[in-house]
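Q: This is what each chain is made of:
2 protein chains.
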Amino acid sequence: MDKLKNMDDMNNKRAVVLFSGGLDSSTVLKIAIDEGFEVIPLTFFYNQRHKTEIGHAKKIVKFFNLKNHVIVSLDFGQIKGSALIDLSMDVPKNRIKENRVRQDLNETGETGNVDDIPVTYVPARNTVFLSYALAVAEVNMAGDIFIGANHIDYSGYPDCRPDYLRAFEKMANLATKASVTGEINFKINAPLLKLTKKDIIIRAFEIGAPLELTHSCYDPVEGLACGVCDSCILRRRGFEEAKIKDPAKYYKG
Amino acid sequence: MDKLKNMDDMNNKRAVVLFSGGLDSSTVLKIAIDEGFEVIPLTFFYNQRHKTEIGHAKKIVKFFNLKNHVIVSLDFGQIKGSALIDLSMDVPKNRIKENRVRQDLNETGETGNVDDIPVTYVPARNTVFLSYALAVAEVNMAGDIFIGANHIDYSGYPDCRPDYLRAFEKMANLATKASVTGEINFKINAPLLKLTKKDIIIRAFEIGAPLELTHSCYDPVEGLACGVCDSCILRRRGFEEAKIKDPAKYYKG
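So the protein lines, in turn, are chains A and B. Count the first sequence with the numbering used here and you get residues 1 to 253, in order. Count the second sequence with the numbering used here and you get residues 1 to 253, in order.
Nothing false has been slipped in among the hints.
All copies of an identical chain are treated as equivalent in the list; a pair is satisfied when it fits inside any one copy or across any two copies.
Derived PhoX-like pairs: lysine-lysine, alpha-carbon spacing no greater than 25 Å straight-line:
| no. | residue 1 | residue 2 |
| --- | --- | --- |
| 1 | Lys51 | Lys62 |
| 2 | Lys170 | Lys194 |
| 3 | Lys187 | Lys170 |
| 4 | Lys13 | Lys187 |
| 5 | Lys249 | Lys58 |
| 6 | Lys194 | Lys245 |
Think of the hints as simulated: they come from the structure by calculation, not from any bench.
Next up, chain A with everything else stripped away, as it sits in the complex:
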């Protein structure tokens, strides 16, 4: 009986997963599925330079045979201020040399080097993303929100840090009808937070996340990855270190 009850609980628990179609969020999606959540993948179209990732997201949702993919259009048109949405700005290439990014890490993972936040930073992006996730979570009575934030991908992004995520979670539980009435206690899950890209790739490989369907590049050319933006460099180095073949197709190099 207890086992049946637990299975029933397991079947009833829902999670909203921020899901871009990238390597990290695809791994997180699989982790949430494996943990028994009924997942609601949430993908944003914000006229991003790398909007090809949305096609990848749809393929991965199909791969997992998920029925309730939520795709939200975000109007960042008047916000701009980032090379990921402002096409007049250049995406930095070959910015990451050697292991500089990883040197930002410290043992507690509490703080990173904020002196070199790149122009691919989108103002308040994770805050806007998580706020929508909170709305979707509340409407669907989902207590868990998953995000693929981590300290490598962080590479200077303040809204991927543990103290930020904790502050968001605290705010979220004061923000909604479902939380203030005690129906839901929202939890922000960031299972990749303290993993290196190498370790994320090994994890993804082990649990069967569809690496071949994921997209990472900030500045793709006709669907091919550039190979030299921050995101490509981190991905390629991660696969090399994990000794796993990267299935992505690169335009250069």
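Starting from the structure of chain A, add chain B where the hints point.
A: What follows is chain B alone, placed relative to chain A:
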């Protein structure tokens, strides 16, 4: 010299004002202008039932001769769960009897009665609004964000409470490049938080907010206010108690 320097500081300070075209946010807009801020009004189009408020917002921006009105389209289409965006749900009429809503207030203003959050509650709306405001603020190097939240308009909305706003402010200062590098310390200003509707109207009247251009109704008919939704009832009672003539045109009553 000091006076000149102060005037210079005053001229340089910027604020993003969440601005719906309603009574409260119009009052807040005038307060921010009077405090010397270069204001950036931020209005959302989210296919709200009362989208007529956006026309009011534009007229008020013109009235104040402001140049940088930011209007953002929000996609709440797949979120729903509120009578303000889901046209299959009814807006409650004559819900507020006597002074029931005001009885929710306590001396500290820290908590309200959350047992009766109305169906006009939009999931995580202020969190989404404030997140966008944070993005606009960061891009424009504006340290101050103004919101018209108050305990009467609260009428059960959790995201109008002081502890929520404080938690958002804390999160905001961990979320952005501008705050973690120390360039900006974001402040969430809610100057109406502890005012009654009567006191807001008196304040608006005294400082010259254009009450005749504001819109409050949740469920307007051909641009006329219904007179009996929560928002209309609070507005009408406020004007009565303030002994000021309500310039709004009502469809009923």
